[in-house]
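Student: For reference, the chains in residue letters:
Protein chains: 2
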Amino acid sequence: METTPPHSIDAREDCYPSRVQPEPEFLKRCDPIVYNHEAPGPLSAAQLSQFERDGFLILPAFFPEADIATYKEEIQRLGASDEIQQRPESILEPDHCELRSLFSVHKPEISPCFSEVAADPRIAGMAAQILDDDVYIHQSRVNLKPGFAGKEFYWHSDFETWHVEDGMPRMRAVSCSLLLTENYEFNGPLMLIPGSHCQFVACVGETPDDHYQKSLRRQEYGVPDQDSLARLAEDGGIVNVVGPPGTIVLFDCNTMHGSNGNITPFPRSNLFFVYNSLKNRLVEPFCSKKPRPEFIANRTAVAPLTMRELNVQSHA
Amino acid sequence: METTPPHSIDAREDCYPSRVQPEPEFLKRCDPIVYNHEAPGPLSAAQLSQFERDGFLILPAFFPEADIATYKEEIQRLGASDEIQQRPESILEPDHCELRSLFSVHKPEISPCFSEVAADPRIAGMAAQILDDDVYIHQSRVNLKPGFAGKEFYWHSDFETWHVEDGMPRMRAVSCSLLLTENYEFNGPLMLIPGSHCQFVACVGETPDDHYQKSLRRQEYGVPDQDSLARLAEDGGIVNVVGPPGTIVLFDCNTMHGSNGNITPFPRSNLFFVYNSLKNRLVEPFCSKKPRPEFIANRTAVAPLTMRELNVQSHA
Chain Y
-3 METTPPHSID
7 AREDCYPSRV
17 QPEPEFLKRC
27 DPIVYNHEAP
37 GPLSAAQLSQ
47 FERDGFLILP
57 AFFPEADIAT
67 YKEEIQRLGA
77 SDEIQQRPES
87 ILEPDHCELR
97 SLFSVHKPEI
107 SPCFSEVAAD
117 PRIAGMAAQI
127 LDDDVYIHQS
137 RVNLKPGFAG
147 KEFYWHSDFE
157 TWHVEDGMPR
167 MRAVSCSLLL
177 TENYEFNGPL
187 MLIPGSHCQF
197 VACVGETPDD
207 HYQKSLRRQE
217 YGVPDQDSLA
227 RLAEDGGIVN
237 VVGPPGTIVL
247 FDCNTMHGSN
257 GNITPFPRSN
267 LFFVYNSLKN
277 RLVEPFCSKK
287 PRPEFIANRT
297 AVAPLTMREL
307 NVQSHA
Chain G
-3 METTPPHSID
7 AREDCYPSRV
17 QPEPEFLKRC
27 DPIVYNHEAP
37 GPLSAAQLSQ
47 FERDGFLILP
57 AFFPEADIAT
67 YKEEIQRLGA
77 SDEIQQRPES
87 ILEPDHCELR
97 SLFSVHKPEI
107 SPCFSEVAAD
117 PRIAGMAAQI
127 LDDDVYIHQS
137 RVNLKPGFAG
147 KEFYWHSDFE
157 TWHVEDGMPR
167 MRAVSCSLLL
177 TENYEFNGPL
187 MLIPGSHCQF
197 VACVGETPDD
207 HYQKSLRRQE
217 YGVPDQDSLA
227 RLAEDGGIVN
237 VVGPPGTIVL
247 FDCNTMHGSN
257 GNITPFPRSN
267 LFFVYNSLKN
277 RLVEPFCSKK
287 PRPEFIANRT
297 AVAPLTMREL
307 NVQSHA
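Here the protein sequences come in this chain order: Y and G. Each residue of the first sequence is one higher than the last, beginning at -3 in my numbering. Each residue of the second sequence is one higher than the last, beginning at -3 in my numbering.
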């Protein structure tokens, strides 16, 4: 457990200014995607290249069914717990009382089960390999998109928010989504824009105080403009992440993504872990507002998952 | 042009009571789906059987690109017209000013172009064949689902509404949707539940006065219950209607359908014609309220499209 972040990069330099200009703008990405193609780890050279090109990698049925059954029981337990729903880490559906997201599920006091999953070398090892560094959990959550009334989540680059509102200096973080239910084409699956991670869409506008309380319920501010989104989607297309329970999708922190609503009877839930490089720890938010809560952006309780501990093996 | 509806069936008998019970209920369909497998027409025996089994038939790229280009120009004209947007036939997006739907596009005074399409023997002939009767346009519209902000349309059987609110006596109508833009898996395509047309889901509740003004913007009343929908979707699955511009989908008046929202940059538009059997003309609404406007449910300006005029040819 460290409390004083050591940074080997100039973390105070704002390479990705956003929400400060009157007009949207494409900025060149000035960070690597795969930090070292020779780094040891579970991913093959072809998988690393695919991740670098597309900004994501889908691994169908990566976790066995028995594990998924355990995780679903854990979610049942969390969803039924009044104590959990009253925690600040719980985000409810707009206009509904159902749990939409629960943050910090990697913490043993919230979920001993998911705490283990977050540190599982099978997934944390892939993140460490891509980022070529020891990692830690920047954010974790379980997302529950109910059947019949699941709301859409508008397009965004996670990094844009993490940079502006949380002070993540550079693009050196990887997200891992673990599908717990079957994701069909029609129940509001994650949509990704291939290649969108190679540019940064600077958004217009300012960050209001306490933005996070609203933005987690419904995106309103700091969203990418329609022209930029149309250009990205015309260039790269859109990929629906579909697959059976246990499927994993790894995606770069700057890959543009979103999801449509879900009127089908089939709910959609997933576990979501963000691994950040230990060299990329948070500084003060670049928007000069007060930082968001720790459960959304971990800045002090950093528990490193070292490459050595993750026992990452060379694929060679 | 006829004004006195002659009915060969007992049109006043309510075979499908809905919105009158405190609990939802599955009722047996008591009408044929394909009225005569030997009727002449453009559809093959295999296509008729598929329509009968699934409740719909998708014909990819049925209309040539040149025709679609003409239709899109016509929509541009209609969408840009202040005069059109101020007509009662225009329905706007909730919270937006954009056109969501325009009704009665089969009328020459609204669109000479779409008036011709509605009477085109290529599609009207298929409807007449399935229903084994002369047909007329019960309802027509163009639907425009914009990019970025297209709203969902919740599950419903059109017949449930047409029966309860418009007084359509029996299930003897076929809808034809003509896709004018590429329908992808991710831009809120029409979703159909195969086999759902074989049962009638009686909804709970009452029909409020002037329901149509709200329901066309956002479904609130007379919707199928979640348990019935879940059972239908578990039995039949869900099919996304995807395809290039010019694709046609024919579906039975009682096939359960809906669509998710559309946050992608790709808009979705289609032409929609409902062909009703001339023997199935509207009577008084079964909910005992005043009838909805003529542009939503054609009860007087019935212009028959006869099998003879449609020049339907036997497939044999």
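Since the hints were made in silico from the structure, they are not lab data. Keep in mind that the hints are not guaranteed to be accurate.
Unchecked claim - Cβ-to-Cβ under 7 Å is the rule here; a few derived chain G residues that face chain Y:
no. : residue
1   : His33
2   : Ile64
3   : Ala226
4   : Gly254
5   : Pro263
As the list claims (entries may be wrong) - Label-pair distances were calculated between CB atoms; the ranges are:
no. : chain 1 : residue 1 : chain 2 : residue 2 : range
6   : G       : Arg49     : Y       : Ala57     : 25 to 35 Å
7   : G       : Arg49     : Y       : Gln72     : 30 to 40 Å
8   : G       : Pro108    : Y       : Gln72     : 58 to 68 Å
9   : Y       : Asp116    : G       : Thr66     : 37 to 47 Å
10  : Y       : Leu23     : G       : Pro18     : 55 to 65 Å
11  : Y       : Gln222    : G       : Pro56     : 22 to 32 Å
12  : G       : Pro240    : Y       : Ala57     : 23 to 33 Å
13  : Y       : Arg49     : G       : Cys93     : 38 to 48 Å
14  : G       : Gln17     : Y       : Ser284    : 54 to 64 Å
15  : G       : Thr66     : Y       : Leu23     : 55 to 65 Å
16  : G       : Gly201    : Y       : Pro28     : 56 to 66 Å
17  : Y       : Pro56     : G       : Pro240    : 58 to 68 Å
18  : G       : Lys286    : Y       : Leu23     : 34 to 44 Å
19  : Y       : Asp221    : G       : Pro56     : 51 to 61 Å
The structure displayed is predicted, hence computed values, not measured ones. Quick reminder that beta carbons are idealized off the backbone N, C-alpha and C, glycines included.
Student: So, for every hint listed, does it hold in this structure?
Tutor: To see whether the hints hold, each was checked on the structure:
no., hint, result
1, His33, "violated (31 Å)"
2, Ile64, "violated (20 Å)"
3, Ala226, "holds (4 Å)"
4, Gly254, "holds (5 Å)"
5, Pro263, "violated (11 Å)"
6, Arg49(G) to Ala57(Y): 25 to 35 Å, "holds (31 Å)"
7, Arg49(G) to Gln72(Y): 30 to 40 Å, "holds (37 Å)"
8, Pro108(G) to Gln72(Y): 58 to 68 Å, "holds (59 Å)"
9, Asp116(Y) to Thr66(G): 37 to 47 Å, "violated (57 Å)"
10, Leu23(Y) to Pro18(G): 55 to 65 Å, "holds (59 Å)"
11, Gln222(Y) to Pro56(G): 22 to 32 Å, "holds (29 Å)"
12, Pro240(G) to Ala57(Y): 23 to 33 Å, "holds (31 Å)"
13, Arg49(Y) to Cys93(G): 38 to 48 Å, "holds (41 Å)"
14, Gln17(G) to Ser284(Y): 54 to 64 Å, "holds (60 Å)"
15, Thr66(G) to Leu23(Y): 55 to 65 Å, "violated (42 Å)"
16, Gly201(G) to Pro28(Y): 56 to 66 Å, "holds (58 Å)"
17, Pro56(Y) to Pro240(G): 58 to 68 Å, "violated (28 Å)"
18, Lys286(G) to Leu23(Y): 34 to 44 Å, "violated (59 Å)"
19, Asp221(Y) to Pro56(G): 51 to 61 Å, "violated (34 Å)"
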